[in-house]
Amino acid sequence: MLTFALFAALLILLVLDVPIAVAIGLTAVGVFLLEDKASLLVMLPQRMYSGTTGFTLIAIPYFVLAGNLMNNSGITRRIFRFAKALVGHIAGGLGQVSVLSSMIFSGMSGSAVADAVGMGQVQYKSMADDGYPKPLSAAIVASANCIGPVIPPSIPFVLYSAVTSVSLSRLFLAGFIPGLLMGLTMMLAIALVARFRRLPSSERASVEELVESTRGALLPLLAPLIIIGGILSGLFTPTEAAVLVTLYSLILGFAYGDLRLAQLPDIIFDSIKQSAGLLFIMAAANFFGWLLIHQRIPDLLIHSAISSGASPASVLSMIVGIVVILGCFLEGNAIFLITLPIFIPIAHLFGIDLINLGVVMTLLVMIGNITPPVGMCLFAVDSYSRTGVWLLARECLPFALGILAVTLLIAFVPQISLFLPDLFMPLK
Amino acid sequence: MSLPHTMKTLSTLSRRFDACVTLILKWACILLFVALSLVLSGNILQRILPFLSMQWFDEVVELMFAALVFYGAAALWVTHGHFSVGDWISQRIHNTRARHAYRLLVEVLSLCFMLVFLFNAYDIVIRAQEITNNLMLPKSMLYACMPIAAAIMSLYSLRNVCVELALLLNPRWADDMV
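Protein chains in written order, with my numbering: chain Z, 1 to 428; chain Y, 1 to 178.
Worth flagging that the hints you see were computed from the coordinates, not collected in a lab. Don't take each hint at face value.
Said to hold, decoys possible - Label-pair distances were calculated between CB atoms; the ranges are:
(1) Z:L11 x Y:H80: 17 to 23 angstroms
(2) Y:Q129 x Z:D299: 33 to 39 angstroms
(3) Y:D123 x Z:L391: 49 to 55 angstroms
(4) Z:F196 x Y:G81: 37 to 43 angstroms
(5) Y:T22 x Z:P398: 51 to 57 angstroms
(6) Y:H94 x Z:H89: 51 to 57 angstroms
(7) Z:L184 x Y:L10: 56 to 62 angstroms
Stated by the list, open to error - Among the chain Z residues that face chain Y by a calculated CB cut under 7 angstroms, a handful are:
(8) E240
(9) I268
(10) G277
Claimed, not checked - Footprint (simulated), chain Y over chain Z, 3 or more residues, beta carbon under 8 angstroms:
(11) 15-22
(12) 37-46
(13) 243-255
(14) 322-332
Yeah, the Cβ is synthetic: ideal placement off N, Cα and C, and Gly gets one too.
With the sequences and hints as input, model every part of the structure.
See below:
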């Protein structure tokens, strides 16, 4: 009963448009006040402080800044040109280019929304100029940029690791194959749509164009190698890798002459604000998580799950269902922070691999990014395509179903995502 | 002085205050971020050049990152930039007073949380007795960013409550507040 009342109160505050961090914090404060335990509110600043000062979390502003720097310099255009030279000639030409460029860019940026705003505008303009239907172009952009947080680096992975204490390096490796599968599924969907709607494709790139575009994109393509190579070789931690990639993006931006020093304070400040918004939710969610434990809510849910004879598969199906529904109404990272304190003990008890669960939840949250009424990528792409969120969401449906199919495959065949972490960083 | 004129003057003063607070928070955050980047880069160098000692690393990083998060959150609060589900309700409320009553409720809820946070964060700073292991910094110094950020956010929430209350009483003041 308390669990239901708690989440009902939270939902009402969220629906009222109270900021997510405030809604989460105020729900917890309200419970303690109603129980006449105001003395426990002293834990509010303590939990908020400890919730934001984990070393892993420092990576977030750096990954956000690296993505913003690349989007503000000419790096996105170079990657797009490179992808066009590679796959522009196949069915659904520029749609395929958008997916491939997003997959490449995913290796440098960790935020789907930032990618949809930055790289997305280059992709959308190319397709719209080439005569692609605007709603379809916008849908391809919104869906393709959801690959960003699945292929490392990834902000949701950083959050997940901070909340659950699982290895961020193993999580990063676990995202690779699902990210590739997601991209391939989307490319297949675009090829099918291209056949039905007779979408144009570009001419095959000449050898000169191939060489020239590869040369232009070569240095940006090294960024993922710095991150993954550095982490795997033990040279630096994921947080330090984030700092180095930011410095690398900065150097590239200035070297290409696309970035000016005068732009830098605003880019840094915007990145800090984007990250602080997320980390403030994390702070409030840490207090909310403490409330859940204090009220023994995970224990009660585990007890009822066991007594109902639930199997690991049914628990996993329940988690998938809950996150898909929440994804329609909540920002993805907030879903992580609200649900993980409950899901993790249950998953642990039912023997569900926590690394695989992190990948599955990230994929589900990406579906939430393109499902209405609250789909962050829909809002981001609609801000410049002006197609309307509901029309955009309808066009995104085949891609959302594709991502869901990949998610279910990863959820029930964990060996797929765990292949790389077990190969390169086996558990001792 | 007429009431509309007073509202206009208050609105102008408020905008100047906003610009000032935003500028201070902006440069505080940027400086913290640059300093944090230097310390983190120094830590990588220290691994290559082991004669460098950075025993204070954890404490300084914690101090700067906590300040960055809470001052960044305050800067975002000033611009109403925190994540929310979206204001889809007030678009559906056609009665102007009812719309302001609804916005007032949201602002009051935010203010309540900020005041609870401010009171308890201030309390923890006053009560903190411990010092850090390496730099011997008082823990209250590490926690200080919370009441400062909470005070800024409370102040802005209070202002928003006053604005919505004024608009609820007389919706025509909206023109004077632009």
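For each hint, the structure was consulted:
1. Z:L11 x Y:H80: 17 to 23 angstroms: Holds, since L11 (chain Z) and H80 (chain Y) (Cβ atoms, about 22 angstroms apart) stay within the stated range.
2. Y:Q129 x Z:D299: 33 to 39 angstroms: For Q129 (chain Y) and D299 (chain Z) the Cβ distance comes to about 34 angstroms; the hint holds.
3. Y:D123 x Z:L391: 49 to 55 angstroms: holds, 51 angstroms
4. Z:F196 x Y:G81: 37 to 43 angstroms: Distance hint for F196 (chain Z), G81 (chain Y) holds at roughly 41 angstroms.
5. Y:T22 x Z:P398: 51 to 57 angstroms: With Cβ atoms ~43 angstroms apart, the hint is violated.
6. Y:H94 x Z:H89: 51 to 57 angstroms: holds, 53 angstroms
7. Z:L184 x Y:L10: 56 to 62 angstroms: holds, 59 angstroms
8. E240: holds, 5 angstroms
9. I268: Since chain Y brings a Cβ to about 5 angstroms from I268 (chain Z), closer than 7 angstroms, the hint holds.
10. G277: holds, 5 angstroms
11. 15-22: holds (count 8)
12. 37-46: holds (count 5)
13. 243-255: holds (count 4)
14. 322-332: holds (count 3)
Of the numbered hints stated above, the single one contradicted by the structure is hint 5.
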